[in-house]
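Please model the entire structure based on the sequences and the hints provided.
Protein chains: 4
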Amino acid sequence: MSKQVTLAAAEAVVAAARKHAEKIGVPSCIAVVDSGANLVAFVRMDRAWLGSIDIAQDKAFTSRAFDMTTKELARMSQPGEPLFGITASNEGRVVIFAGGVPVKVDGVVIGAVGASGGRPDQDHEVAEAGAAAFSSGGQTVRRSSASPANAEVARPGRVD
Amino acid sequence: MSKQVTLAAAEAVVAAARKHAEKIGVPSCIAVVDSGANLVAFVRMDRAWLGSIDIAQDKAFTSRAFDMTTKELARMSQPGEPLFGITASNEGRVVIFAGGVPVKVDGVVIGAVGASGGRPDQDHEVAEAGAAAFSSGGQTVRRSSASPANAEVARPGRVD
Amino acid sequence: MSKQVTLAAAEAVVAAARKHAEKIGVPSCIAVVDSGANLVAFVRMDRAWLGSIDIAQDKAFTSRAFDMTTKELARMSQPGEPLFGITASNEGRVVIFAGGVPVKVDGVVIGAVGASGGRPDQDHEVAEAGAAAFSSGGQTVRRSSASPANAEVARPGRVD
Amino acid sequence: MSKQVTLAAAEAVVAAARKHAEKIGVPSCIAVVDSGANLVAFVRMDRAWLGSIDIAQDKAFTSRAFDMTTKELARMSQPGEPLFGITASNEGRVVIFAGGVPVKVDGVVIGAVGASGGRPDQDHEVAEAGAAAFSSGGQTVRRSSASPANAEVARPGRVD
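Residue numbers (our numbering), protein chains in the order written: chain W, 1253 to 1412; chain H, 1253 to 1412; chain S, 1253 to 1412; chain U, 1253 to 1412.
Fair warning: there could be bad hints in the mix.
In this list, chains with the same sequence are indistinguishable; a pair is considered to hold if it fits within one copy or across any two.
[Claimed, not checked] Taking lysine to any residue pairs in the SDA-like style, the calculated list, with each CA pair at most 20 Å apart, reads: (1) Lys1255 - Leu1302; (2) Lys1271 - Glu1343; (3) Lys1275 - Asp1373; (4) Lys1275 - Trp1301.
Hints are computed from structural coordinates only; laboratory data are not their basis.
So, in structure tokens, the structure goes:
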């Protein structure tokens, strides 16, 4: 199984997160980053907040930057806690409320997903649904990359 | 008729642009913005340049910000030309080479698509393929926007 | 005696800090700045957080900018304390948790070291180990700074 | 051979680049980034320009972001050329003069090195010397990671 967040894999993560967001009725922005914390895929569901465009991406960035959920980071960043003030770092891209979840393979963080659009606990659920799809989804990812929509993934020799 | 770039519409644009990128063998980043120049959907194809993540989004922003292709803007922004220096504006988000194309309905710009990954002329082709899918795809878009605001959320199978 | 953080001196600081980080098993980013608060040397140990790249540098900056440890600054920057809000200054480069330690010669701050990768108390230990190497390492540093300005360049074998 | 820019590998790149910089007498800043364009190692040689701290890092970023030397990019970014204006993208981190060189393994770009301190052609030489050390240097890298200075690399189990 690939240890990279390919576009096919990122789309599977987005699809699973989006499905959960629809289920709980929370129009969300959903972003997926790879191991370098660089964006791979993003969607803004209709009626999601404009302010969430940035936050979803920054939650994904933060989860990969510190290899933990932003929910965990939230606890450590309260006044008096060890990481209070961390929001100022990394050019303001650190988000300290729930909705960012690492994507792992065999326990190794290889990317992350960020969701924004509802309450932090809802965003966390949405992001977790996305991350779970990846972690459990070697099969799905492989199959999906053989499908027409991801043809360039199945035929890497074609591109460039 | 609603004139909005819904997520369903943006995904149709991305799919068409991506298909063209695959056809000409150029791994690309593709971004779609709405009438507010705000991001709706983004994908980075495998092996696309990391530097294109930003540029694809900024091309889409630029095309909507000035309601023209970035190819047209390029001409006006050379040394000695009327808009030389415009790149310093809008917090560095103005791109002055080809690859950004407005998305129109009945001649009215309602969003834009940006592509980055190849030569500017290739990027322009990719973005145009995306924009064309929207302009010609009125049926799908009209129906979807006539239905309850987030109909595409309830019927994810409809698009692509 | 010259009171400058040469590259040779910075590398000695990094080496000592890194040795301590290895000893306590914390993959860290380590940064050293000079009297102008400008970066001299930086390393990211394998598996250190990506988010620490920025924080280690900003901790070093902060320690030199205010001539105190970021641990001390943390106390003064809590809600209700005199420097609450200082994180907004200096373009977001002020870090208010432990891990930044000034480098001194004869009680005068001439630079700083920042470490990031573990808990703030661990980062403080790592940075202190680095700073201590400098303070105690006067011999090497003095000799090197007494020689022609870029002597360490001509004799790379001398240091570390 | 590893396809990652570990710290041991980055240090070998820095050492080779620095050696060349010393040889041609150009005090330089030298930076190495990994496949995600994130910083791994940085040194500022004594008497190098302060302005080079940023430029060396941005050259490395640029070379990885576009998988080419900044010397090549320079040609394409002149007035009237296809990428004129690219400097405004990526938050001002794109450098369009020589001194950034990709680091490759088997033809695949897995990182980059940036050098700044002299004329662009000198910076290019320095960066190339660094990149060459990596590309040719599987042996060196392996050996070097077995040496004491890079002990944590040889014993990854120790850390975290």
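Results for each hint:
In the homo-oligomer, the alpha carbons of Lys1255 and Leu1302 lie at most 20 Å apart only across protomers (18 Å), although the nearest pairing inside one protomer, at 32 Å, exceeds that limit. Neither within a single protomer nor between protomers do Lys1271 and Glu1343 lie at most 20 Å apart by alpha-carbon distance, with minima of 32 Å and 29 Å respectively. When the C-alpha separation of Lys1275 and Asp1373 is checked against a cutoff of 20 Å, the pair qualifies only within one copy, where the shortest distance is 15 Å, while the shortest distance between copies is 38 Å. Only within a single protomer do Lys1275 and Trp1301 lie at most 20 Å apart by alpha-carbon distance; the minimum there is 18 Å, versus 34 Å between protomers.
The structure shown violates just one earlier hint, number 2.
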